[in-house]
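2 protein chains.
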Amino acid sequence: MHRTHQALECTKEIVGETVTLNGWVQKRRDLGGLIFIDLRDRSGLVQVVFNPEISPEAAKAAEQVRSEYVLSITGKVVARSPETVNPKMATGEVEVQGEKVHIFNPAKTPPFLIEDRVDVDEAVRLKYRYLDLRRPKMQQTLMIRHRAMQSVRRFLDKHGFIELETPILTKSTPEGARDYLVPSRVHEGSFYALPQSPQLFKQLFMIAGMERYFQFARCFRDEDLRADRQPEFTQIDIEASFLPPETFLSMMEEMIATLFEETIGVQVTTPFQRLTYREAMDRYGSDKPDLRFGMELIDLSEVLRGTSFKVFAGTVAAGGQVKAVNVKGCAGWSRKEIDNWGKVAEQLGAKGLAWLAFKEEGIKGSVAKFLSEQEMEAIRQTAEAETGDLLFFVADQPGVVAQVLGELRLRLAKELKLIDENQYKFAWITEFPLLEYSEEDGRYYAMHHPFTMPMEEDIPLLKTDPGKVRAKAYDMVLNGYEIGGGSQRIYQREVQELMFEALGISMEEAKEKFGFLLEAFEYGAPPHGGIAFGFDRIVMLMAGRSNLRECIAFPKTASASCLMTEAPSPVDEKQLEELHIRVRKPEKTE
Amino acid sequence: MHRTHQALECTKEIVGETVTLNGWVQKRRDLGGLIFIDLRDRSGLVQVVFNPEISPEAAKAAEQVRSEYVLSITGKVVARSPETVNPKMATGEVEVQGEKVHIFNPAKTPPFLIEDRVDVDEAVRLKYRYLDLRRPKMQQTLMIRHRAMQSVRRFLDKHGFIELETPILTKSTPEGARDYLVPSRVHEGSFYALPQSPQLFKQLFMIAGMERYFQFARCFRDEDLRADRQPEFTQIDIEASFLPPETFLSMMEEMIATLFEETIGVQVTTPFQRLTYREAMDRYGSDKPDLRFGMELIDLSEVLRGTSFKVFAGTVAAGGQVKAVNVKGCAGWSRKEIDNWGKVAEQLGAKGLAWLAFKEEGIKGSVAKFLSEQEMEAIRQTAEAETGDLLFFVADQPGVVAQVLGELRLRLAKELKLIDENQYKFAWITEFPLLEYSEEDGRYYAMHHPFTMPMEEDIPLLKTDPGKVRAKAYDMVLNGYEIGGGSQRIYQREVQELMFEALGISMEEAKEKFGFLLEAFEYGAPPHGGIAFGFDRIVMLMAGRSNLRECIAFPKTASASCLMTEAPSPVDEKQLEELHIRVRKPEKTE
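Taken in sequence, the protein lines are chains A and B.
When we follow the working numbering, the leftmost residue of the first sequence carries the number 1, and every step to the right adds one.
When we follow the working numbering, the leftmost residue of the second sequence carries the number 1, and every step to the right adds one.
So here's chain A without its partners, still in its complex pose (with noise of 0.2 Å):
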């Protein structure tokens, strides 16, 4: 009754050989006085054939099998004859002769087929998760975590990462998103909230002379939910102590070349390219971008300066830009399509979106009228256009023009399917700003977190131009995303001081808000730095998957709901009491 091999293991290599297979059954067919059973485990299929004349108790108990039943088959692998062998099926050249049945257990017809072309609402999915993840797809998502997880750990392991855990039940932090609270039974009105990732402890493991740390740290953030987020998420924390940071750069880069070898064999060629902040900007309107493709920003500000058409002249006067897309062999495009591409600028934010089209008669658009032929030609020049080509314009400040630009890029780019699916393009972005300017608090926030180092030669421009400081910041970004993004951390009080007068918080206040974090800084801190890679992410682009749900076991709506426990629920108010608290009553309606 126990297994002998896996449903994968029945190949013609063990053909004569007697096997016991444990599995559920993916479907039954009666065909010809015969009954076929395919049976599935976490291997695979094997097609397992009942004949009554050859062992009729089993053929009989087959009979009474049905879809999703859980079986232990006994038979003898054979060799299918060549005009029955199945290409499609792993299997496909054996098949088992059943000879003894034993129903582990019965199944009731489940609510979807465990197929991976089956179209079922993701609700009923989420619902009935354990037949959901039954499916083939579904398992080797999680086949491809599992095996990530365990490379990533090798390759820290063996550069001498030590693994630690950090608390879950922990401290409010009075920056960053909404935490989760949880009331203290043994405190009454105090409460630990869970953590938004363990920056805090990861650097408290440096100043602890831990040296090198990592973790599969879980992270949570009550936040209103998108597609690519998770209450609560898993992410790579990594930190190491007196370690050159261009040295860390590249073990990462090596770390991350290596899971993918070793979990979806693909060869990523390292150095990864280097992009500053300022330059994916400037190139690409955004600060992860796509680079499997070209379709560059091109900067028409200066060709474009002196122009006597109002619209662009009166932007690049205004301190705005005049950039544009070349969309190659588009000229022909109808007056409607690109009217189309239009609107989509405007919902992206543009006022509107000049064209220009280099067309065999002579160059058309939108904004030829305006232009000297002079200017239509520098344009040309600069933007590389030949005929054929299809230019789209941006005029605007930079932000909104790197806004529309940069994701008119990406979606110009999938329409024309210039992406190829099975590249995977990293590169780190550099340099970022340390700190943001809030028009609405009117102060300056940390981008990353007050932690941050400043670069050096920019220190000074604390003072005077925090603005324009650049951090020791890095992100790592693959095919449009970014995956990963850390920084060296401030670990001289001098500089945190300047840090904290930049963000207007004065030390009192800080010593407040980061009390031991800025006591433990004053008992030795190393030079240290660190990153965090979002895990789910990264599995759900090596398992080529659209969506973060598809890759965790047990993930949360948007409304992050679990529709499996149906959590969260009710309590009783005993619990609540113990906790020394109460719901709120609903505020009336009037």
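Since no wrong hints were added, every one of them can be taken at face value.
Copies of the same chain are indistinguishable here, so a pair counts whether it falls within one copy or spans any two.
Think about it this way: if two alpha-carbon atoms lie no more than 27 Å apart in a straight line, the pair counts; the simulated DSS-like pairs of lysine-lysine are:
(1) Lys574 - Lys511
(2) Lys12 - Lys158
(3) Lys574 - Lys585
(4) Lys88 - Lys27
(5) Lys511 - Lys108
(6) Lys513 - Lys574
(7) Lys137 - Lys158
(8) Lys511 - Lys127
(9) Lys513 - Lys108
(10) Lys414 - Lys425
(11) Lys513 - Lys127
(12) Lys12 - Lys76
These are calculated hints, taken from the structure and not from any lab test.
Treat the numbers as computed from the prediction; the structure is a model and nothing was measured.
Given chain A's structure and the hints, the job is docking chain B onto it.
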């Protein structure tokens, strides 16, 4: 400035090489015009000497340096003269001649010395955990923890187990310990619960066809804490389908043996000893016996059933037991010593502790005068008592006898130093009772959980004598600690229904409590079973520590607080408002 070598790499083999070391100042002392610094990094210590005549600048820099400063030191490795070799130091044959010093960071004087032998109040250590973790012993413990995680993962990966993560934000479970709750912002009045274990999810993985699963799972229990409890803890969670229980148990033995070998170099013999629950209770008075020494409990009930000594005869007649332990060679203990053990027995719940001392001059003791010569001779034979031995007797109901003598046995062994601290004695305890009767509630409860499979031959007893039903449950014990526990699970509906019946739970009620799991079982559940190991405790035993807090990087105190971060803590009213809860007003003290 960047490290070329670790401290411990400075050995005779590299004498003559120039190295750069990065680390912390363990201590500085000035001697005969020279400055000596012991530099500490994660690997260990090395001595650096500064000679003002050789490197005046470096010596000058070294002069400013104090304990726990973070330095980069460059210098040449030289052999020490024979009379200055320090055999206590791994690098004691060499020293580094300091040529350059860079101070990465100064340090305030720490609140305690960074040394293993320093005796500091635990509260101070926990407040300054980042300093406490610098101590070699703490670093070694966390390193053992790291190595242990890698070893177990390698083993399970090799044996086809897949590492899968389960949610931390999940549903409140109706039975078991107290849940930590997390109020939902999106779903007013609803709460997530942190998992007490991934029990339901691991079984769902089996139903999902994952076949072999593992996880280093964070678990949470809001219980009052003891020295060996933490509000959050890590368990190695394992579940497998289609595996014969015997195969599974040997696999787990092999895993643990590999773990001990790879992590601390200890050879563990397999297969492990097996004891049924009954046997363990009879022979050791404990379901987690320490098997590093004998002193088994001796049952004298039969021998003394007919005695004229009413205390013994009456106890046996009332269904009780008379049992003893033989304290070898302690017949000479003073009356005072023996009385002290009597007090211990009373504290443990005994009505008294009878004794007999087998002295050269004859048998003495509290019950000598009540027993006949034949009875004493029978006792001597049954207890294999020799001259010089001391017997302690407890006569009571079996539960009390086990509790008292089981604990007395442990304390006597400690007192008499019978325990070889370098020994690791593993065993499986099997055939646990399936159910426990609660006198208070007048009903049975599942000893493990309601999905534990009863032993086939006992299934009929579920209807007639539920208390006698044994479970297919097993604990792994080591040196008196339970380090893991698990069972085969019920996967057949009929058995599950019998189980709920025995628990006095209607199928309707069961569906309400375990709805989705019971539903899942209807879609084809495979035979499966598993185990969960207490990882923190295993680390504790491997590292030779006696407290779980020493084995967790950032532990909580007995009142579930973190003294470093001051979690839990009050939060903003605004946060509570968003979560639709309020703190209850403390009740007025009258």
